[in-house]
Amino acid sequence: MRWLRGWCIRFAGLFYKEHRDRELSDELGSHLQMQIEENLRAGMKPDHARREALIKLGDIEQAKEKYRDRRGIPALESLLRNSQFGLRMLRKTPGFTAVIVLTLALGTGVNTAIYTVDYATLLAPLPYPKPDRLVMVWSSLQGHRIRVSAADFIDWKRQNTVFQDLNAWSPDDFNIATQDRPEFVQGMEATPGYYGMLGNSLFLGRNFLPREGEPGREHVVILAHRLWQRLGANPKIVGQKLRINGVPHTVVGVMASGMEDRRDEELIVPLVFKPEHLSHDSRYPRYFVVVTGRLKSGVTIQQARARMEMVAAHIEKVNPQNNQGLGALVEPFKNDFFPGERQLTLWLLLGAVGLLLLIACLNVANLLLANGTTRHREVAIRNSLGAKPAAICAQFLTESLVLGILGGLTGIAAGYAMLRGLVAVMPPHALPPEADPRLNVPVLLFVLAVATLAGVLFGCVPAWYASRLDPAGVFRDGGRAGIGVARYRLRQILVIAEFALALPLLAGAGLAIHSFWNLMHVDLGVRTDHILGFYLFPLDGEATRINSLYRRILAGIEGVPGVTEACAMTYLPLEGLHWEQPFTIAGQPAYAAPSLRPVADLQSVTPGYFKTFGIQIVKGRGFTDYDNASISSRVAMVNEDFANKFLKGVDPLQERVVMQQQSPGEPGPAIEWQIIGVFHTVKSRESREDNPEIDIPFQRMGMAMPEAGIGVRTTEDPATMIKGITKAVNAVDSQAAVYMPRSMEQVHDEVLANDRFTVILFSSFATIALLLAAVGIYGVMAFGVTQRSHEIALRMALGATRNHVVALVVKEGIVLSCAGLGLGLIGAWFVGRAMQSALFGVGVFDLPDLGAVGSVLLFSALAACYIPARNATKADPMIALRCE
Amino acid sequence: MTQKTDVPQGTLALMVLKTLESMGALHGYGIARRIEQTSGDLLSVNYGTLYPALLKLEQEGCIASEWGVSDNNRKAKYYKLTRAGRKQIEKEARNWEQTTAILARFLSPDAKPL
Chain L
1 MRWLRGWCIR FAGLFYKEHR DRELSDELGS HLQMQIEENL RAGMKPDHAR
51 REALIKLGDI EQAKEKYRDR RGIPALESLL RNSQFGLRML RKTPGFTAVI
101 VLTLALGTGV NTAIYTVDYA TLLAPLPYPK PDRLVMVWSS LQGHRIRVSA
151 ADFIDWKRQN TVFQDLNAWS PDDFNIATQD RPEFVQGMEA TPGYYGMLGN
201 SLFLGRNFLP REGEPGREHV VILAHRLWQR LGANPKIVGQ KLRINGVPHT
251 VVGVMASGME DRRDEELIVP LVFKPEHLSH DSRYPRYFVV VTGRLKSGVT
301 IQQARARMEM VAAHIEKVNP QNNQGLGALV EPFKNDFFPG ERQLTLWLLL
351 GAVGLLLLIA CLNVANLLLA NGTTRHREVA IRNSLGAKPA AICAQFLTES
401 LVLGILGGLT GIAAGYAMLR GLVAVMPPHA LPPEADPRLN VPVLLFVLAV
451 ATLAGVLFGC VPAWYASRLD PAGVFRDGGR AGIGVARYRL RQILVIAEFA
501 LALPLLAGAG LAIHSFWNLM HVDLGVRTDH ILGFYLFPLD GEATRINSLY
551 RRILAGIEGV PGVTEACAMT YLPLEGLHWE QPFTIAGQPA YAAPSLRPVA
601 DLQSVTPGYF KTFGIQIVKG RGFTDYDNAS ISSRVAMVNE DFANKFLKGV
651 DPLQERVVMQ QQSPGEPGPA IEWQIIGVFH TVKSRESRED NPEIDIPFQR
701 MGMAMPEAGI GVRTTEDPAT MIKGITKAVN AVDSQAAVYM PRSMEQVHDE
751 VLANDRFTVI LFSSFATIAL LLAAVGIYGV MAFGVTQRSH EIALRMALGA
801 TRNHVVALVV KEGIVLSCAG LGLGLIGAWF VGRAMQSALF GVGVFDLPDL
851 GAVGSVLLFS ALAACYIPAR NATKADPMIA LRCE
Chain A
1001 MTQKTDVPQG TLALMVLKTL ESMGALHGYG IARRIEQTSG DLLSVNYGTL
1051 YPALLKLEQE GCIASEWGVS DNNRKAKYYK LTRAGRKQIE KEARNWEQTT
1101 AILARFLSPD AKPL
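Protein chains in written order, with our numbering: chain L, 1 to 884; chain A, 1001 to 1114.
Check the hints yourself; a few may be wrong.
Claimed, not checked - Label-pair ranges, simulated between beta-carbon atoms:
no. : chain 1 : residue 1 : chain 2 : residue 2 : range
1   : A       : R1094     : L       : F11       : 41 to 49 angstroms
2   : A       : K1087     : L       : L102      : 28 to 36 angstroms
3   : A       : R1094     : L       : L453      : 41 to 49 angstroms
4   : A       : A1101     : L       : D69       : 32 to 40 angstroms
5   : A       : R1094     : L       : P389      : 40 to 48 angstroms
6   : A       : R1094     : L       : D69       : 25 to 33 angstroms
7   : A       : K1087     : L       : A391      : 36 to 44 angstroms
8   : L       : F11       : A       : A1064     : 17 to 25 angstroms
9   : A       : R1094     : L       : L80       : 39 to 47 angstroms
10  : A       : E1090     : L       : L4        : 15 to 23 angstroms
11  : L       : R22       : A       : E1090     : 34 to 42 angstroms
12  : A       : A1064     : L       : R22       : 15 to 23 angstroms
13  : L       : P389      : A       : A1064     : 35 to 43 angstroms
14  : L       : V456      : A       : R1094     : 43 to 51 angstroms
Said to hold, decoys possible - In silico DSSO-like cross-links for lysine-lysine, where the CA-CA straight-line distance does not exceed 27 angstroms:
no. : chain 1 : residue 1 : chain 2 : residue 2
15  : A       : K1077     : L       : K157
16  : L       : K874      : A       : K1087
17  : L       : K296      : L       : K388
18  : A       : K1075     : L       : K45
19  : L       : K17       : A       : K1056
20  : L       : K66       : A       : K1077
21  : A       : K1080     : L       : K66
22  : L       : K64       : A       : K1056
23  : L       : K17       : A       : K1075
24  : L       : K64       : A       : K1077
25  : A       : K1077     : A       : K1018
26  : L       : K56       : A       : K1056
27  : A       : K1018     : L       : K64
28  : A       : K1087     : L       : K56
29  : L       : K66       : A       : K1056
30  : L       : K17       : A       : K1080
31  : A       : K1077     : L       : K56
32  : A       : K1080     : L       : K296
33  : A       : K1056     : A       : K1077
34  : A       : K1087     : A       : K1018
35  : A       : K1056     : A       : K1075
36  : L       : K92       : L       : K130
37  : A       : K1087     : L       : K130
38  : L       : K66       : L       : K17
39  : L       : K17       : A       : K1087
40  : L       : K388      : L       : K17
Derived by calculation from the structure, the hints in this document are not laboratory data.
Just so you know, even glycine gets a beta-carbon here, dropped at the ideal spot from N, CA and C.
When you get a sec, could you build the whole thing from the sequences and use the hints?
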């Protein structure tokens, strides 16, 4: 403990220095006087006595120095002194300081913003109590995770030993219309324990009670904060009734605001299984759910996985017909509904900003080196006055450390602004609802550490050079030379490195742009202009009446002036909603088990669908009104992708598809559908892939599902027609909510929004990288030209033309940038490989892209070299020579 | 005239402490003189070694200082031993005895391991 006390006192010794110095002087002075008096007593003459005393006691200043070193903490003191000096130097060169701080701030700022988003999305724990205990449990089929049938879920629950709680849920749409206000919201059905299991508190009221999962008691609802506000923010809403799908439900709770408000789902009602859903027999209807669980404490995910595999194997044994090949998967509850390619994009963006920071640091190193050159005289003087190389090195390092910290702090401020901007312009659903990107301590520490480290690392080189400077050389050459070839070499290497780093970044942006271009120009299979699409949720869901209701609604819409065609369908094209339907082809060998059948998207459409959306029928015919009206007509159409995948080499029009269910959740015997036509494939999932699709007449699915998509072809801008069309719909059914009316162009835009956003981000980063690289090469060339002004003047005096001199300088720049680009190709290849799964229709090594970004870089290098080169030739050779 | 030497590394602290133990409170000059006298004028103590050593002992709490007035009316800083300092003397004295005993074995002509 004694040493600790010592250090504390030494730290205190940093303060009140003048007082302490005075005391020391007094003490030493009296010591000297006593020695003199002693000498006098020994009989020396006064001046001799004084001389002897001084000799005996040694150098007083050196003693004071030693005392001071002991009194305080010398390293800390010199750090403070150096920082003070550094700050003063930086203030004296505001332009230089500003450029460095801004460069660092730019580099750290984008890193702050992107790292915050990545941290919130990919790294931070989920905002639930004990989030590591939450798991998703899926059925697995041939290695793919699929939704769980209600029967399996009930069996899982019954045989559960590893979960503290296991709940099922399923998203659904709800009509919450009142007499005067039709409204349609997304929500979910969930078993009563679901929301409580996640563990977040409610804003008002309570969670569902277990008995509210029993038939007859399920007419209760929990609202999202957002919906509660929209309904009037009544603080006494708990206990009141809300009509949902026409049935009064009692509001029992309101969720807290925040994360839940970032979800699409705005209400939860209890999920109650119908008795017929609970059979494993696939001849009966199946109801599919998503299952989330909370592990018992002490149970690992591996144990849960092993247990669930056993349970699934047991169910398979008992129900070999229907559960063959069905396993169970237990996965951590994290970003389950956040597409993999978007997660990859987040990592790629982090990589891009990392590269950007590196380029910024190289630029700073370059500037520091250049600045070091102009300070040769100062260093030489210090050196001559006895400063040790280590002290000079420490001083330069402290200065770059100060710059690093300044840059980091500015970067955090810039990052905060960028983050705000980023979140503001981010398309909806760009991040999962759990992600809450805001600045936090780990992020701030990370960024500050990175900036400081960058400052120190890149301050090392100039510091080292400065400490090795030969003062004699500097004075001899009038402060100009002594620069050394090595230092210039180093700056050249830095420029090469900048280009080598900039190329992969630009190539990545090029790939992203190319991929986005491909996505934008993909053949959608539908027209998007002059079409309005929306969903309709009529309250009168009576199966027998629903088709005639839709007929009347469509007729009403077609009566609106400016409407040329209207149609109804289960799912609007492009959006990605789809129903996966297992099927077989009549006459082909049967599958070993029903669960092994292939699946296709099932869509039901009215006859006007193909005409409204301009979908080309490539073979056979489309549906007729007769097909749609007659229950007995069993005709279907398939898309080209279906024909290519399942009907290769046969005439599709001669084939029949066999399906057991015609609509989600509805029972039915196997029915054969005669294929009457093949239509051009319509993109339905984010425009990326083709999927096999079977279309059947609308009335077959409409019977089971009251809600449907409506497509309207208009002669005018669809946005201007929304009012008239809504009026026409409500004239037929006053409580049919028109949900999200949008032009199909808008739908297409929204589907591409995330990709567009990514491309914009990548391109901005690439642009910054390009600018930084250009500034870097400009700096080096300008410096090189100044250094060579003597040589250039000589050449010009001896008759070299301006063009010759410009060529001389530009050539060097081109060599440097080409060397960088060559090295950068390796990086570009890695970037391409990393991006591959996020790209659409672009290879890893896309030559046109590389060529384009390579020439952009080269061109900017040319421009950056040309300016100093031209300036060099402008100087009068005689003046340049006389300066020497 | 005999060659005066500087104080060997690491021994000054103990000398200062022992001096203060036997003489009571003393100023810097007094300590220096006393050490020189005790060494039979073989050692020479200058500022550069004495004052940093005093400072170190004070920082570690072995001695305490106070301004006072010397015999011939001169302002001087007086150092005195603290309780921690007394303990430190025992400890360091033991260390030195051990060290010198070990060295003595090496230096004696018929050195044998124990």
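(Q) Checking each numbered hint in turn, tell me which of them this model violates, lowest number first. (A) 1, 2, 15, 16, 17, 28, 32, 36, 37, 39
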